[in-house]
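All chains should be modelled from the sequences, with the hints used to inform the complete structure.
There are 2 protein chains.
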Amino acid sequence: MKEISKLMGYRSDVRVIDATLRDGGLVNDFYFKDEFVKALYETNIKAGVDYMEFGYKASKEMFDESKFGKWKFCKDDDIRAVVGDNDTDLKIAVMADVGRCDYKTDIISRSDSPIDLIRVATYLNTIPAAVKMIEDAKNKGYEVSCNIMAISNAQESDLKFALDTLGQSCVDVLYIVDSFGALYPEQIARIADTYMEFAAKYGKKIGMHAHNNQQLAFANTIEAVGDGVDWLDATYAGMGRGAGNCAMELLLGLLRNPKYNIYPAIRFVEKYMNKLREEGIVWGYDLQYLMTGLLNQHPRTAIQFTKEKRSDYSEFYKEIVAQD
Amino acid sequence: MKEISKLMGYRSDVRVIDATLRDGGLVNDFYFKDEFVKALYETNIKAGVDYMEFGYKASKEMFDESKFGKWKFCKDDDIRAVVGDNDTDLKIAVMADVGRCDYKTDIISRSDSPIDLIRVATYLNTIPAAVKMIEDAKNKGYEVSCNIMAISNAQESDLKFALDTLGQSCVDVLYIVDSFGALYPEQIARIADTYMEFAAKYGKKIGMHAHNNQQLAFANTIEAVGDGVDWLDATYAGMGRGAGNCAMELLLGLLRNPKYNIYPAIRFVEKYMNKLREEGIVWGYDLQYLMTGLLNQHPRTAIQFTKEKRSDYSEFYKEIVAQD
Chain A
4 MKEISKLMGY RSDVRVIDAT LRDGGLVNDF YFKDEFVKAL YETNIKAGVD YMEFGYKASK
64 EMFDESKFGK WKFCKDDDIR AVVGDNDTDL KIAVMADVGR CDYKTDIISR SDSPIDLIRV
124 ATYLNTIPAA VKMIEDAKNK GYEVSCNIMA ISNAQESDLK FALDTLGQSC VDVLYIVDSF
184 GALYPEQIAR IADTYMEFAA KYGKKIGMHA HNNQQLAFAN TIEAVGDGVD WLDATYAGMG
244 RGAGNCAMEL LLGLLRNPKY NIYPAIRFVE KYMNKLREEG IVWGYDLQYL MTGLLNQHPR
304 TAIQFTKEKR SDYSEFYKEI VAQD
Chain B
4 MKEISKLMGY RSDVRVIDAT LRDGGLVNDF YFKDEFVKAL YETNIKAGVD YMEFGYKASK
64 EMFDESKFGK WKFCKDDDIR AVVGDNDTDL KIAVMADVGR CDYKTDIISR SDSPIDLIRV
124 ATYLNTIPAA VKMIEDAKNK GYEVSCNIMA ISNAQESDLK FALDTLGQSC VDVLYIVDSF
184 GALYPEQIAR IADTYMEFAA KYGKKIGMHA HNNQQLAFAN TIEAVGDGVD WLDATYAGMG
244 RGAGNCAMEL LLGLLRNPKY NIYPAIRFVE KYMNKLREEG IVWGYDLQYL MTGLLNQHPR
304 TAIQFTKEKR SDYSEFYKEI VAQD
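If you read the sequences in order, they're chains A and B. The first sequence begins at 4 in the working numbering and counts up by one. The second sequence begins at 4 in the working numbering and counts up by one.
Calculated directly from the structure, the hints in this document are not laboratory data. Predicted, not measured: the structure shown is a model, and the values here were computed from it. There's no promise every hint is true.
Identical copies look the same in the list; a pair holds intra-copy or inter-copy alike.
[Stated by the list, open to error] Calculated cross-link-like contacts (lysine-lysine; reagent style BS3-like; alpha-carbon spacing at most 27 Å): (1) Lys-278 <-> Lys-310; (2) Lys-274 <-> Lys-321; (3) Lys-310 <-> Lys-274; (4) Lys-278 <-> Lys-312; (5) Lys-78 <-> Lys-141; (6) Lys-41 <-> Lys-63; (7) Lys-70 <-> Lys-41; (8) Lys-278 <-> Lys-321; (9) Lys-262 <-> Lys-321; (10) Lys-274 <-> Lys-312.
This is how it looks when you write it as structure tokens:
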């Protein structure tokens with residue numbers, strides 16, 4: 004039996020991170036209306052969410068600014084236009100991908116920025132570069148987390164090496180990321196044990212970022228928090244790449260800390276998220292995502308299937324089973 | 004860490020029960036086309052499903068036959084028109100509700116019937132009547148299971164009394180039924196422990212029937228099978244009352260017994276289940292079901308909300324929170 008669990012109580016170290024603009028931005032190329040972003044910010048404050056991730060600090064050298072909404076780049080001024088001096092309990096986060104951002108120039112000193120947390124995203128093969136970015140952000144005064152992506156197809160010994168390396172860095176939080184939505188709760192339990200070992204050794208916190216390919220994003224987040232994972236990512240209506248993420252409204256319903264409120268989340272989904280769907284933005288569980296999750300594959304083929312409005316699931320299954 | 008779990012292996016005692024016609028029938032008043040039912044039967048055979056539940060044996064005195072499709076009544080002749088002599092490994096099940104069926108006359112001797120399994124459904128307050136029905140079915144030669152519904156708002160001591168009483172009966176399988184979709188995996192673990200105690204004492208099997216109000220139907224089924232629960236209900240595309248059930252295609256993707264095949268399930272969803280949705284049949288996770296699940300309430304208010312095509316979730320929340 005799990006521990007947070009004691010479903011009647013709560014662990015005050017738990018943090019909720021709203022990743023709607025960032026992971027959801029992967030669905031609509033970050034074209035969110037200003038009104039949407041402002042309302043999301045205000046909703047997060049009312050709901051007691053701890054961090055709001057605005058998007059990516061993507062390289063303007065690598066990516067054409069005219070082809071994406073502004074939250075792919077998260078300029079400090081754009082954030083400030085929403086949050087002002089952010090005189091609230093809600094902290095501001097952005098994600099910076101290893102190899103796809105100009106962090107030395109684009110991330111300025113925290114004292115001059117509205118941002119509180121830099122979330123470094125890395126694959127297992129770029130850990131040393133991630134460490135450089137972590138150090139840079141820490142030296143500039145930020146809280147820093149590190150997402151190790153796509154661990155469901157990693158060698159466990161490689162993962163342990165990465166955790167040991169990152170453990171020795173100044174990172175604050177190490178994230179379990181089920182990029183492919185491939186993991187079952189039992190596997191989350193095992194992986195969380197591994198992370199906890201290094202977290203205990205080096206005094207780090209652990210986070211969970213789940214995908215909903217097998218309708219397990221919420222369940223895996225519950226499993227993680229029961230295993231001692233404190234930082235929990237969620238998005239409103241589960242909006243995120245492909246099958247999406249753990250839904251904020253589900254997570255807030257679970258957590259018993261009285262600082263969290265589900266009602267503002269319900270209102271936001273009602274007013275804003277369903278409108279996105281009506282406008283034709285598509286995300287969430289469907290069989291193509293189940294299949295890539297089951298086969299532990301990147302969802303890009305399933306996203307393409309969705310974009311092409313295909314519904315021949317069985318043909319798709321044959322295509323991806325043969326994809327060696 | 005859970006046991007079936009050993010996700011690479013399997014437990015040969017596990018049984019998969021397709022409840023699409025029965026729980027799904029609650030969505031469309033059992034109006035399934037003959038072609039659909041025939042294709043479902045053939046799909047179940049190909050997918051290696053163990054039991055197919057055709058619907059209810061509802062009382063024709065209590066319910067007007069002209070107002071429901073035939074699978075609310077599951078006449079033996081109607082089943083036989085689909086399965087013939089059913090010379091397959093797929094067994095046939097029907098559900099009979101305590102107080103809403105004429106089991107003495109409508110359930111004939113198994114030797115004259117295409118049915119193999121009678122699933123008696125009861126609330127906690129009708130256990131003695133359930134025992135009578137169980138004995139009747141057993142005496143007529145059937146396998147018999149018993150669904151104890153709505154246990155999420157039961158007193159634990161009442162549940163134990165019921166399990167002890169049913170344990171002493173000739174029932175074969177005792178079902179955990181999360182009628183309201185209110186339970187978290189941690190609670191399933193505790194409840195399964197309680198069921199297992201009586202199952203061990205009296206030599207019974209345990210089953211799991213989940214609802215998807217909080218996107219946990221599959222996760223709770225995984226939890227249950229890891230706790231030693233052998234009989235697992237699922238429906239194609241999760242079709243079932245309100246938020247629906249554990250999706251067959253997810254469950255077959257989990258189970259490692261080589262007798263199960265996901266491909267026929269994918270084909271069936273592609274060809275038949277999506278067509279139902281296009282025809283306007285509505286089921287599955289949505290915020291109104293999350294809310295009744297979270298509040299541990301019967302989904303009838305949420306079903307009504309759905310039927311009225313309302314989308315004012317926040318008003319609904321206020322209505323049901325106040326519903327004391």
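So, going through the hints one by one against the coordinates:
Both within a single protomer and between protomers do Lys-278 and Lys-310 lie at most 27 Å apart by alpha-carbon distance, with minima of 19 Å and 20 Å respectively. For the identical chains of this complex, Lys-274 and Lys-321 are inter-copy neighbours only, at 16 Å across copies versus 39 Å inside a copy, given an alpha-carbon limit of 27 Å. For the identical chains of this complex, Lys-310 and Lys-274 are neighbours both inside a copy (25 Å) and across copies (20 Å), given an alpha-carbon limit of 27 Å. Taking the shortest Cα distances, Lys-278 and Lys-312 sit within 27 Å of each other both inside one copy (20 Å) and across copies (15 Å).
In this assembly of identical chains, the alpha carbons of Lys-78 and Lys-141 lie at most 27 Å apart only when taken from the same copy (19 Å versus 71 Å across copies). Proximity of Lys-41 to Lys-63 under the C-alpha cut-off of 27 Å is restricted to the intra-copy arrangement: shortest distance 24 Å within a copy versus 57 Å between copies. For a Cα distance limit of 27 Å, the shortest separation of Lys-70 from Lys-41 inside one copy, 22 Å, qualifies, whereas the shortest one across copies, 50 Å, does not. Taking the shortest Cα distances, Lys-278 and Lys-321 sit within 27 Å of each other only across copies (22 Å), while inside one copy they are farther apart (34 Å).
Taking CA atoms no more than 27 Å apart as the test, Lys-262 paired with Lys-321 passes between copies only; the shortest distance there is 19 Å, against 48 Å inside one copy. Taking identical chains as interchangeable, the C-alpha atoms of Lys-274 and Lys-312 lie at most 27 Å apart whether they share a chain (26 Å) or sit on different chains (15 Å).
The structure agrees with every numbered hint stated previously.
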